[in-house]
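Work out the full structure, taking the sequences as your base and the hints as a guide.
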Amino acid sequence: MLNKHIKTNLWYQPRVQFLAGFIALLRDQERLDERRRR
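For the sequence shown, the working numbering begins at 1 and goes up steadily by one.
Treat the hints as calculated values from the structure; they're not laboratory data. These numbers were taken from a predicted model, which means no experiment stands behind them. Heads up, some of the hints might be wrong.
[To be verified] What follows is a list of derived Cβ distance ranges for each label pair: (1) Asn-9 to Leu-32: 43 to 51 Å; (2) Glu-34 to Trp-11: 31 to 39 Å; (3) Leu-32 to Lys-4: 39 to 47 Å; (4) Arg-38 to Ile-6: 25 to 33 Å; (5) Arg-37 to Gln-17: 40 to 48 Å; (6) Leu-10 to Arg-38: 30 to 38 Å; (7) Lys-4 to Arg-38: 49 to 57 Å; (8) Ile-6 to Arg-36: 24 to 32 Å; (9) Arg-36 to Lys-4: 44 to 52 Å; (10) Arg-35 to Gln-13: 44 to 52 Å; (11) Leu-32 to Asn-3: 39 to 47 Å.
Even for Gly, the Cβ is constructed at its ideal location relative to N, Cα and C.
Next comes the structure, spelled out in structure tokens:
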């Protein structure tokens with residue numbers, strides 16, 4: 001059971017980090033857009 005969990009984690013972790021980075025990028029873009037509007 002633990003071994004299966006580790007394999008799932010190895011599959012899952014990079015995707016979560018990628019998603020988190022992608023969302024952070026989108027938020028930064030939104031902030032830049034707001035600054036340009038003002």
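Results of checking the hints against the structure:
1. Asn-9 to Leu-32: 43 to 51 Å: 34 Å, violated
2. Glu-34 to Trp-11: 31 to 39 Å: Since Glu-34 and Trp-11 have Cβ atoms about 36 Å apart, the given range 31 to 39 Å holds.
3. Leu-32 to Lys-4: 39 to 47 Å: 43 Å, holds
4. Arg-38 to Ile-6: 25 to 33 Å: 48 Å, violated
5. Arg-37 to Gln-17: 40 to 48 Å: Since Arg-37 and Gln-17 have Cβ atoms about 31 Å apart, the given range 40 to 48 Å is violated.
6. Leu-10 to Arg-38: 30 to 38 Å: Given a distance of about 44 Å, which is not inside 30 to 38 Å, the answer is violated.
7. Lys-4 to Arg-38: 49 to 57 Å: 52 Å, holds
8. Ile-6 to Arg-36: 24 to 32 Å: Cβ of Ile-6 to Cβ of Arg-36: about 45 Å, so the range 24 to 32 Å is violated.
9. Arg-36 to Lys-4: 44 to 52 Å: 48 Å, holds
10. Arg-35 to Gln-13: 44 to 52 Å: Taking Cβ atoms as reference, Arg-35 and Gln-13 lie about 33 Å apart, which means the hint is violated.
11. Leu-32 to Asn-3: 39 to 47 Å: 45 Å, holds
Comparing the model with each earlier hint shows violations of hints 1, 4, 5, 6, 8 and 10; every other hint is respected.
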